[in-house]
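Student: These are the residues of each chain, in order.
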Amino acid sequence: MQVKLERVAHVRSGDKGNTSNIAVIAYCDEFYPLLKAQLTAARFKAFYRGAIKGEVTRYEADNLAALNFVAEGALGGGVSRSLSLDNYGKALSAAILGLEIEVPEQYSNLLRGG
Amino acid sequence: MSSLRIGAGSAWWGDRIEPAKLNAEQGDLDYLCFETMAEATISAAQVRKRRDPSFPGYDTYLDDRMKAVLPGCLKRGTKVISNQGWINPDGAAQRIVELLREHGAKGKKVAAVSGSLITDRIAALGGTILENGAPVASIASEIISAEAYLGAEPIVEALRQGADIVITGRVADPSLFLAPMMHEFGWCADDFAKLGAGSGLGHLLECGAQVTGGYFADPGFKDVPTPWDLAFPIAEVESDGSAVIAKVAGTGGAINAMTVKEQMLYEVHDPANYITPDVVVDFTTAALEQVGSDRMRVTNIGGKPRTPTLKVSMGCMEGFIGEDMFFYAGPGALRRAQLAKQILQERFRIVGLKADDLRIDFLGLNAIHGEASPPDAPEPYEVAVRVAARTKTREEALKVGREIDGMAVSGVAMTGKRVPHQDRAREIIGVWSTLVPREKVAPVITWYES
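Residue numbers (UniProt numbering), protein chains in the order written: chain W, 1 to 114; chain H, 1 to 450.
Simulated from the structure, these hints should not be mistaken for lab results.
Heads up, none of these hints are tricks.
Distance condition first, Cα-Cα at most 20 Å in a straight line; then the derived SDA-like pairs of lysine to any residue:
#1 K16/W - I428/H
#2 K106/H - Q161/H
#3 K53/W - N87/W
#4 K16/W - N132/H
#5 K90/W - P227/H
#6 K90/W - G364/H
#7 K53/W - I368/H
#8 K4/W - M258/H
In isolation and in its complexed conformation, chain W is listed as follows (with noise of 0.2 Å):
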């Protein structure tokens, strides 16, 4: 079944200088191989089409079940140069939050929210 990933994992951002990163943390141990598949660097520079400029490189914490996307260029300048609104890009990472993720039915009491 295709789901949010809003229903499989919690993010966080934070930034450094003109860097965003985005960590895509997994809701339970179960979800952490389907973020590992189907989440690659590419599909994640591609979601956020132009609004990352630069190189976005993945990293994995398997202890965590989390990936910490690192994404340059995200974040217009950094700071204080950014004529984003929001220029620390803490709310940058809610989109990802809207990307469909494949899920076994199985999995399907597992998932947060509604």
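Add chain H to chain W, keeping to what the hints say.
Tutor: This is chain H only, laid out in the frame that chain W set:
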């Protein structure tokens, strides 16, 4: 000492003050640590100091924070470590001495750690800018502030010499929390396994409520009890570098695997190699265990040898941002906003706006996620049009507001327009980073006594 209670007192300059008071009074803390900066805090302080020579150069909330926590800390014997000194740690220390005397505390030792400001030397140290590879020398004339991120060692030295309060300029956030662990547990500066564990815990504490349920609640997905009453975290640290992350009982918020994981990865790039001045932290070995209500045990954060360099933040004068907004509502709000955008684009061409960057956003539609906003989003009932341009001069930046003023009578039907009361052009302090050899930066400790 075999275990240590370290609490957070702030995550940045604008943070709430009452949870720091709560930690001082009810946290049974050995140490209370304040982190009060963002990347641009020091440069902003430099700009303010140039305009207003009476600005003392340290945290503008220093009095409020210290007055809130000193009674509790003095009663319990809790030591305070804080980077509220900004560009004037000595001035901050002297003010703290006055506040200590007002609280009747005599003979308390306050150590000011300075030396992080290397503005006068950064061009000569001659590195490259990390963000774009250009030589630092190429921006030398624009630099208004360069500050190295110091590590824990000068704080450890101050504690060894008997400081009750240590006040610093720029120190890396986790180092503020690592210092008491190194001092009390006798960890050596080359015991990178321990330093990694301690810095990792410092990273969990440095953002205050972000690990106790702040910046976390998402109704229906991640619920947080009484989020208006969050406590700042306390780490109950063992001498092996393991700890329980906790908070004062009876407070709002939540500490669980999710809050700890989110904070663990916050502002981290490679989780296996999180670089601090003291050590390279490895979060990929960490283990988390819920050991009670709002109590998370964190073990096995790893550490690797520190790098030979220190990171330096450089603040530069980089021009201006002109910004304003106006509004549409009701049927066709978006249609009219889109025409307004077209009118402004043409007007900026006609008046010859020289902008390095220009954005015209529709609040409620695409202002936050830009190109990543869904193209098929439902039409909003209200649209605010926000316009912002980055320019070299104040005169250019002010053109943004001038053209928006014109929209009030020469623009689109039913334009909602604010009468401008605020300054619609602001100076930009751009922040760049570089690295310098650590031996080129020499921290200085100065002593004061109440």
